[in-house]
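Peer 1: Sequence lines, in order, name chains A and B.
Residue numbers for the first sequence follow my numbering, beginning at 42 and rising by one.
Residue numbers for the second sequence follow my numbering, beginning at 5 and rising by one.
Hints listed in this document are in silico derivations from the structure and should not be mistaken for laboratory results.
Accuracy of the hints is not assured; some may be wrong.
Said to hold, decoys possible - Pairwise CB distance ranges, derived in the manner of DEER restraints:
id: 1; chain 1: A; residue 1: 347; chain 2: B; residue 2: 88; range: 58 to 66 Å
id: 2; chain 1: B; residue 1: 116; chain 2: A; residue 2: 297; range: 32 to 40 Å
id: 3; chain 1: A; residue 1: 297; chain 2: B; residue 2: 42; range: 55 to 63 Å
id: 4; chain 1: B; residue 1: 63; chain 2: A; residue 2: 299; range: 54 to 62 Å
id: 5; chain 1: A; residue 1: 266; chain 2: B; residue 2: 50; range: 28 to 36 Å
id: 6; chain 1: A; residue 1: 275; chain 2: B; residue 2: 50; range: 35 to 43 Å
id: 7; chain 1: A; residue 1: 295; chain 2: B; residue 2: 116; range: 43 to 51 Å
Ideal Cβ positions, reconstructed from N, Cα and C, are used throughout, including at glycine.
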Amino acid sequence: MLIDSSCFPGFLFLSFYVHLSVAKPLGVIRTCLSIFVIWLLFVPVYSHTPVPISRHDSLKQPVRELLNQYAQLSNRLDNKNQETQIREILKLFANPRVQVFNDLETEPASTELSVVGYFEKLLQLYPEGLKHSFTWNTLHLGKPVYDFGERYTVRAEVVRVLQSMPDQSMPPKVIKLAFDIGFYLRDGIPVDLKIMEISHSLSGDQWIHFSAAPMMTRFTNRPVSEDERMTLLWGVGYQSQIDFNQFFSEQWGVSAGLGYGSYQGGVVLDHFDAFLGMDPHFTDVHIITRLHYLVLPVSLIFRSSWKGKFNLLAGVGLSGNIRLYETNYSSAKSDPGGNIYEFVYSEYDWVNQLSRIGLDIHASGGVGYQIGAHWMISLEISVNQGLFGLEHQREPNYSNLKYTGQFNPLFGEPDYTTRLFGWSTGVGISYRLLKD
Amino acid sequence: MQRISGKITLLILLCLTAVGEGCIRIDTPPQMSITVLDAEEQPVSGAVVGLFDSREAWSNREYPVQVWKATDVSGEVIFASLKEQLYYIYVRKDLADNSGDMISTTNKLLANQRYKVVIHIY
Numbered sequence: 042m043l044i045d046s047s048c049f050p051g052f053l054f055l056s057f058y059v060h061l062s063v064a065k066p067l068g069v070i071r072t073c074l075s076i077f078v079i080w081l082l083f084v085p086v087y088s089h090t091p092v093p094i095s096r097h098d099s100l101k102q103p104v105r106e107l108l109n110q111y112a113q114l115s116n117r118l119d120n121k122n123q124e125t126q127i128r129e130i131l132k133l134f135a136n137p138r139v140q141v142f143n144d145l146e147t148e149p150a151s152t153e154l155s156v157v158g159y160f161e162k163l164l165q166l167y168p169e170g171l172k173h174s175f176t177w178n179t180l181h182l183g184k185p186v187y188d189f190g191e192r193y194t195v196r197a198e199v200v201r202v203l204q205s206m207p208d209q210s211m212p213p214k215v216i217k218l219a220f221d222i223g224f225y226l227r228d229g230i231p232v233d234l235k236i237m238e239i240s241h242s243l244s245g246d247q248w249i250h251f252s253a254a255p256m257m258t259r260f261t262n263r264p265v266s267e268d269e270r271m272t273l274l275w276g277v278g279y280q281s282q283i284d285f286n287q288f289f290s291e292q293w294g295v296s297a298g299l300g301y302g303s304y305q306g307g308v309v310l311d312h313f314d315a316f317l318g319m320d321p322h323f324t325d326v327h328i329i330t331r332l333h334y335l336v337l338p339v340s341l342i343f344r345s346s347w348k349g350k351f352n353l354l355a356g357v358g359l360s361g362n363i364r365l366y367e368t369n370y371s372s373a374k375s376d377p378g379g380n381i382y383e384f385v386y387s388e389y390d391w392v393n394q395l396s397r398i399g400l401d402i403h404a405s406g407g408v409g410y411q412i413g414a415h416w417m418i419s420l421e422i423s424v425n426q427g428l429f430g431l432e433h434q435r436e437p438n439y440s441n442l443k444y445t446g447q448f449n450p451l452f453g454e455p456d457y458t459t460r461l462f463g464w465s466t467g468v469g470i471s472y473r474l475l476k477d
Numbered sequence: 005m006q007r008i009s010g011k012i013t014l015l016i017l018l019c020l021t022a023v024g025e026g027c028i029r030i031d032t033p034p035q036m037s038i039t040v041l042d043a044e045e046q047p048v049s050g051a052v053v054g055l056f057d058s059r060e061a062w063s064n065r066e067y068p069v070q071v072w073k074a075t076d077v078s079g080e081v082i083f084a085s086l087k088e089q090l091y092y093i094y095v096r097k098d099l100a101d102n103s104g105d106m107i108s109t110t111n112k113l114l115a116n117q118r119y120k121v122v123i124h125i126y
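For reference, chain A alone in the conformation it holds in the complex:
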């Protein structure tokens, strides 16, 4: 039994998210194991039947012959005997409803048509027909897989050049196509090859991706969060970034980018204690910190495309954070009196001495809708968890001063650094760099 590896990013993301938001007390490993078991129970699995082909190369020749036939029959196509010619072409396909990537028209470029519709459209736009040719040294065969009954399938990717006849004005179109081909085996030899789908190959894709998202953020520090006199606060931040995505297969790729993040978090203290005998009489003290960061993310990314338009997206990776600057706000209630005072503590020197460089692990998931051949809009959610601290120098007198308001108590716990945690929901827009 083999588990479909394409489900792994979703599994990782789900595990990470549940761990951080719900099941923190369980510990990350136990949470992942629990979800893995649930995932095994509910995510579809399939029996894997090995393809009894002794040599992978034995498929290459029949596939090439099939595609050659496809090109030759397509090249003969003209308006004179249209029905007969299309009928001949249809013999190469599994059925007349097989979907074919339509790049005959400029807009919409990614629409798929049935094979009959595609060739009818071709003759309608180019009555003299078009010349199809393949660049054979780009032919790449995927791993053959079992389909059903006695049938197997294989994906063949190859660059196809489409040229108009001399009296037509269409410029040559060069595009990498993916042919899904079904076949049977007779004595270990592939026979009865049929085209089951022609789509635009996505392997080797390059995308420029821009995203912007509001973010719920918090700075976590275990001793402070367990301190009965203090409560950690969530804040609203945001992050925007631009990434370059390089896919090395249809589903998997890597991404690197540059972003800007503004994260907010805080702490509420019940009251300030007297300092050197002078009691400020401040209660219900809110101390809010906003950190502005340069973000450098790198990720392993995954996508699963459906009908060339809808995409399931996921990613997991690391982000380096470099603080640009930070701002602080505080308020408290006077006691007695009840007036609200702002900026009740000042932290001029302490903040400037801090070196706030962090490393986060992040995971994201989303859905995307492709518009034409170039553009995609997406809705994304992501979570960030700081791996190590935001500050690397500490106030030496923390234990005596943490309740007196001499500095931000969130960033002064000895031996415990403060880390970022955040989750966001936002939108993204991607631009595809076509390079077939």
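Using the hints provided, position chain B relative to the given structure of chain A.
Peer 2: Just chain B, lined up with the frame of chain A:
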């Protein structure tokens, strides 16, 4: 091709705008550096300093605008995130305080400035 370049340029500009937002500087609230000296003009460390926004609050030592802070070895303490207003200053160490010296700033503080104040305690 020109159209594509235009779109990419627009995208990059959008991103730069978002990233560049982080580089915009806002006004820094006024700051005050207070140096505490004794009768021999020597810096006093460990003196507690409080700021008040009215003479009455200063007299009663009630409702300081920020928490009390202590001077360092050079007799200095800095208050940040202040407002553009007058402040009354109280300093004390043991039995000495600044009741006999200047107790308020002469003018309203202004943003983007750090004021230096010297106070004697007796």
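Peer 1: If a hint holds in the structure, say so; if it does not, say that too.
Peer 2: Tested hints:
1. Distance hint for residue 347(A) and residue 88(B): a CB-CB separation of about 59 Å, consistent with the stated range 58 to 66 Å.
2. Checking the proposed 32 to 40 Å range against residue 116(B) and residue 297(A) shows it holds: the Cβ atoms sit about 38 Å from each other.
3. The given range of 55 to 63 Å is respected by residue 297(A) and residue 42(B), whose C-beta atoms sit roughly 60 Å from each other.
4. Evaluation of the 54 to 62 Å hint for residue 63(B) and residue 299(A) yields a pass: the beta carbon distance comes to about 56 Å.
5. The given range of 28 to 36 Å is respected by residue 266(A) and residue 50(B), whose C-beta atoms sit roughly 33 Å from each other.
6. With their beta carbons about 38 Å apart, residue 275(A) and residue 50(B) fall inside the hinted range of 35 to 43 Å.
7. Between residue 295(A) and residue 116(B) the C-beta distance comes to about 45 Å, which sits within the given range of 43 to 51 Å.
When each numbered hint is compared with the structure, no violation occurs for any of them.
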